[in-house]
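Asker: Now for the letters of each chain:
Number of protein chains: 2
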Amino acid sequence: MSFELTREFLSSLKEMIALYDEKSVANLVSHLHPADIADIFDELNIEEAKFLYMDLDGEKRADLLIELDDDTRERFLNALSGEEIAKQFIEEMDSDDAADVIGELSEEKQEEVLQHIEDVDQAGEIVDLLAYDEDTAGGLMAKELIKANKNWNIPTCLREMRKQAANVDEVYYVYVVDDGDLLQGILSLKKLLLADKNARIEELYKADVISVRTDTKDEEVANIMEKYDLVALPVVDSIGRLMGRITIDDVVDVIREEAGKDYQMASGIVEDVEPSDNVILLTRARIPWLFIGLIGGIMAAIILGRYENELGLYPEMIFFIPLIAAMGGNVGVQSSAIIVQGLAANTIGIESTGRKLFKELSVAFINGTILSSIMLAYNLMQKESLALTATVSLSLFAVILFASLFGTFIPLTLNRFKIDPALATGPFITTLNDIVGLAIYLVMGRLLYVVL
Amino acid sequence: MSFELTREFLSSLKEMIALYDEKSVANLVSHLHPADIADIFDELNIEEAKFLYMDLDGEKRADLLIELDDDTRERFLNALSGEEIAKQFIEEMDSDDAADVIGELSEEKQEEVLQHIEDVDQAGEIVDLLAYDEDTAGGLMAKELIKANKNWNIPTCLREMRKQAANVDEVYYVYVVDDGDLLQGILSLKKLLLADKNARIEELYKADVISVRTDTKDEEVANIMEKYDLVALPVVDSIGRLMGRITIDDVVDVIREEAGKDYQMASGIVEDVEPSDNVILLTRARIPWLFIGLIGGIMAAIILGRYENELGLYPEMIFFIPLIAAMGGNVGVQSSAIIVQGLAANTIGIESTGRKLFKELSVAFINGTILSSIMLAYNLMQKESLALTATVSLSLFAVILFASLFGTFIPLTLNRFKIDPALATGPFITTLNDIVGLAIYLVMGRLLYVVL
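Chains as they are written, first to last, in the numbering used here: chain A, 2 to 453; chain B, 2 to 453.
Treat the hints as calculated values from the structure; they're not laboratory data.
Worth double-checking, as some hints may not be accurate.
Stretch-level coverage of chain B by chain A, calculated; a stretch enters the list once three of its residues show a Cβ under 8 Å from a Cβ in chain A [what the hints assert, rightly or not]: (1) 159-167; (2) 190-197; (3) 268-276; (4) 284-298; (5) 326-332; (6) 367-376; (7) 418-431.
A partial selection of chain B residues facing chain A, derived with a Cβ cut-off under 8 Å [claimed, not checked]: (8) H34; (9) A260; (10) G261; (11) V280; (12) G306; (13) F320.
Just so you know, even glycine gets a beta-carbon here, dropped at the ideal spot from N, CA and C.
Just chain A, same shape as in the assembly (with noise of 0.2 Å):
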């Protein structure tokens, strides 16, 4: 039923686009979905691409354009002139999308692009929606939605529909509105289709409908909408008159993005990057990471350098300092990960601070006994010094009650100021931690030597 791009498909295009020939062209892809035919389109090239969107329809256009990847659209868009994605791309398209792409524009190719929209209406609308933040309300929604007025009846709101409709894709709900404009509430279509004739919108409507601001974030749109099940959602200003509305798809790009890029941060990756990206992307996105990595690694030895002496005489007490280092990391990037995780999706429930991190230091407390316990064992068996089995247990001990109490206090406390907890995920917590395992390490091993 969905369709899947191999390379002897993609071979085969290519050599018809070689040979001009349209027809055959049209046969292969003419059937497809916009979102199949953007797959392709990230495969070829600029002239392969050209040839081939000249053969769709508008409609189909406009939409294959949505469906690019970032990167394709930009490098397709820089090939055409400002009157032929106004024509060929943006006419076809809903403001939203329309607002969006050409959002991504250059300046002065987004006024050539406006200059060359005939319909005046979708221009303004669009000039309108460009005024929003793209992370926002206000930069997710959609002009287009029917509206009805609350004192009609159903003849008169079927009539104004039929008018209002061709505008629109898909829809969902009617939003119901006073003579000022502001909103009132919504009426699925299943009750407007299912209602007595005689009826008025007034005696239909659900007047206990949830709404965004236009400047509403695009996360808690995304909570809102996921918590509440929706499939659209209305968007007013700041004295409750209606704007536009939001739809399910929009936000599941949200969603997806939000995840992926805690996703990514906790992996030590600063942009948003695929497979598919090239080599320059690729390493720039990953860089940055790489070399604070880096700076803690040079820390490490420095403060290795400081406790030369000790290891010279303790030479066994080396062996164990990956094992030190891996587990701080490991249990900093465990606690870090379930503060941020629960702070996106919104689980993180309403427990104090200090009651959180006493629940993570209980935790903490019967992994570290466990894990101890274990690598004493492994010591004696293995028998080691009393000293170096209790360096070991002691501080891989402390190591794990540190590690998590990092792990969860710093996400919490950037989320408390404002900035994104996923930045303490990953190769941060795993470089401190790092860090202070090993000092920990050092300086219980010092220590324990003296004394045992």
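Chain B: place on chain A using the hints.
Answerer: Okay, now just chain B, sitting in the frame of chain A:
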């Protein structure tokens, strides 16, 4: 607009419940959305929760149960009899939600609940749905949908819809079938609403419809709905008969869970835990990977033990052990994360594995050159010996190349053998690269100290 649970709210609610003050409780919660009441439930004990739910009307009560956290729902349902569950919750639910809730119960309790459902049709639908695997389209779909025969005209269709619609909460599409119940296409409510009264379904419906089979995996369902921006997706059996429909709100949960699962794997957490879970759950989710990290640490200790003589002769080599191990881990995590995320989002492209590895090697080559040069400069500035300087920079370079290859190759290979590639992220790849990195460093040192 949306409710936020505060500790003040909770303590005054608990007070009212303690006083059996039904009226105040009803005042406080009756206007809340079931999802908000679910948040409150998480913080109540069983007795308080029972008092609260008795105050809600039937549909809200059923919605509340679905919105509850898995743990809270389990705890709550265990305190109720099969009859209470059937009469007070299940009878008000859609078939998919009812099957999900019943599927979580013990087999004994499942039978008890099913016996107490009065509506035999509903009980039959639930039993049908329970037969599907939870992680397939069959497990996600609801039986409730509106279907029309393609030979009907509009008045017949509206009349039949009135009958069917009573059971269906949200209607997005009418599904069009032939006399044999085979899915023919879909009809949007918008089209139906705006159609000429004399039209026939046949002339209106869209035949080119995307559907999935009951045995399609939930991740694929999510990918299809996301890719094609669908709010509802029909499910058919192996011969194309319409069996049910999946709505986007169920799939948003799959997407969130899927993304969350990869993130947890990368962070070394084996179960789906939340910060509000209890200490035992949180510990159990974390100790397995810590144990594997411990074994990695012991292996590192054994390897270091074999090089005790060299480390005694060239003690400055010890200082850079944490750096080499950490960099191997960091690079490996980055590489594997990009592949795992690409596989999950279906943006991996159609390059061959060989080409992906080559690209990854190019990235590693650039990163390795930059980072090794920095270490070269650092060690020269510190006036370290030529042997140490060369060992650190060359082995850092080698470790970055190896870790990149491992990080790319292992998840791709797991994926080819249908094993979850996310297994190869986080602690696994860190531990592996720690050990390999250490071995490379020590072998390199042994060689270079002899040569230089």
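Asker: Next, verify each hint and record whether it holds.
Answerer: Evaluated hints:
{"no.": "1", "hint": "159-167", "verdict": "holds (count 4)"}
{"no.": "2", "hint": "190-197", "verdict": "holds (count 5)"}
{"no.": "3", "hint": "268-276", "verdict": "holds (count 6)"}
{"no.": "4", "hint": "284-298", "verdict": "holds (count 10)"}
{"no.": "5", "hint": "326-332", "verdict": "holds (count 6)"}
{"no.": "6", "hint": "367-376", "verdict": "holds (count 6)"}
{"no.": "7", "hint": "418-431", "verdict": "holds (count 4)"}
{"no.": "8", "hint": "H34", "verdict": "6 Å, holds"}
{"no.": "9", "hint": "A260", "verdict": "3 Å, holds"}
{"no.": "10", "hint": "G261", "verdict": "6 Å, holds"}
{"no.": "11", "hint": "V280", "verdict": "5 Å, holds"}
{"no.": "12", "hint": "G306", "verdict": "6 Å, holds"}
{"no.": "13", "hint": "F320", "verdict": "4 Å, holds"}
Checked against the numbered hints given earlier, this structure breaks none of them.
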